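A.B. asks: Sequence:
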Amino acid sequence: MTHLFDDDALTGVLGHMNGDHGDDNLLITRAFAPDAGLTTAEITSSVMTGFDGARGVWQATLADGSTAEVAVPWPSGPISERREVRREIVALYDEACRRLDVVPRPHA
Numbered sequence: 001m002t003h004l005f006d007d008d009a010l011t012g013v014l015g016h017m018n019g020d021h022g023d024d025n026l027l028i029t030r031a032f033a034p035d036a037g038l039t040t041a042e043i044t045s046s047v048m049t050g051f052d053g054a055r056g057v058w059q060a061t062l063a064d065g066s067t068a069e070v071a072v073p074w075p076s077g078p079i080s081e082r083r084e085v086r087r088e089i090v091a092l093y094d095e096a097c098r099r100l101d102v103v104p105r106p107h108a
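Here UniProt numbering is used: position 86 in the sequence shown is 86, and no number is missing along the way.
FYI, nobody ran anything at the bench for these hints, they're computed from the structure.
Just to be clear, a hint being listed does not mean it is correct.
Claimed, not checked - Simulated restraints, written as ranges between beta carbons of each label pair:
id, residue 1, residue 2, range
1, 7, 98, 26 to 36 Å
2, 105, 76, 19 to 29 Å
3, 95, 37, 27 to 37 Å
4, 18, 73, 30 to 40 Å
5, 106, 1, 11 to 21 Å
6, 107, 64, 28 to 38 Å
7, 101, 4, 27 to 37 Å
Source: prediction; values computed, not measured.
Backbone N, C-alpha and C fix where the C-beta goes; we use that ideal spot for every residue, glycine too.
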C-alpha cells in the first residue's frame with residue numbers, strides 16, 4: 001500500500017517547492033512530459049500539487065491555457081519518511097537536467 005504523508009508534510013514540501021523552486025518544478029515537468037504524453041514545448045509553467053510514497057505530482061499549464069497532470073515515480077522506489085522526499089526530488093531534478101541537457105546546480 002502506498003504511504004500517504006500527513007498534511008504538515010504536504011504543506012511544508014509543497015510550500016517550499018512552489019515558493020522556492022518554481023524553476024525546478026518547470027524543469028522536472030518538462031523533462032518527464034513525454035512520459036505523460038505531452039511535449040516539452042507545450043508546458044509554460046508548473047506547480048507541484050502533491051506527492052505520496054510512490055510519486056510526485058505536478059500540474060503543468062500548457063501553451064493553450066489548459067492543464068495536465070504529470071506524475072513521476074520516485075527514482076529510488078517507494079518512500080515513507082518526509083526526509084526521503086527531498087532526496088527523491090533532488091534525484092528527479094538531476095535526471096531532468098540529464099534528459100534536457102541542462103547543467104545542474106550544486107546541491108546544498
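A.B. asks: All the hints need checking, so say for each whether the structure fits it.
C.D. replies: Hint by hint, here is what the structure shows:
1. Between residue 7 and residue 98 the C-beta distance comes to about 33 Å, which sits within the given range of 26 to 36 Å.
2. Range check, residue 105 to residue 76: Cβ separation about 21 Å, and the 19 to 29 Å hint holds.
3. The given range of 27 to 37 Å is broken by residue 95 and residue 37, whose C-beta atoms sit roughly 19 Å from each other.
4. Against the hinted window of 30 to 40 Å, the Cβ-Cβ separation of residue 18 and residue 73 comes to about 21 Å, which falls outside the hint.
5. In this structure the supplied range 11 to 21 Å is violated for residue 106 paired with residue 1, their Cβ-Cβ distance being about 36 Å.
6. At roughly 35 Å, the beta carbons of residue 107 and residue 64 sit within the given window of 28 to 38 Å.
7. At roughly 35 Å, the beta carbons of residue 101 and residue 4 sit within the given window of 27 to 37 Å.
In this structure, the hints that do not hold are numbers 3, 4, 5, in rising order.
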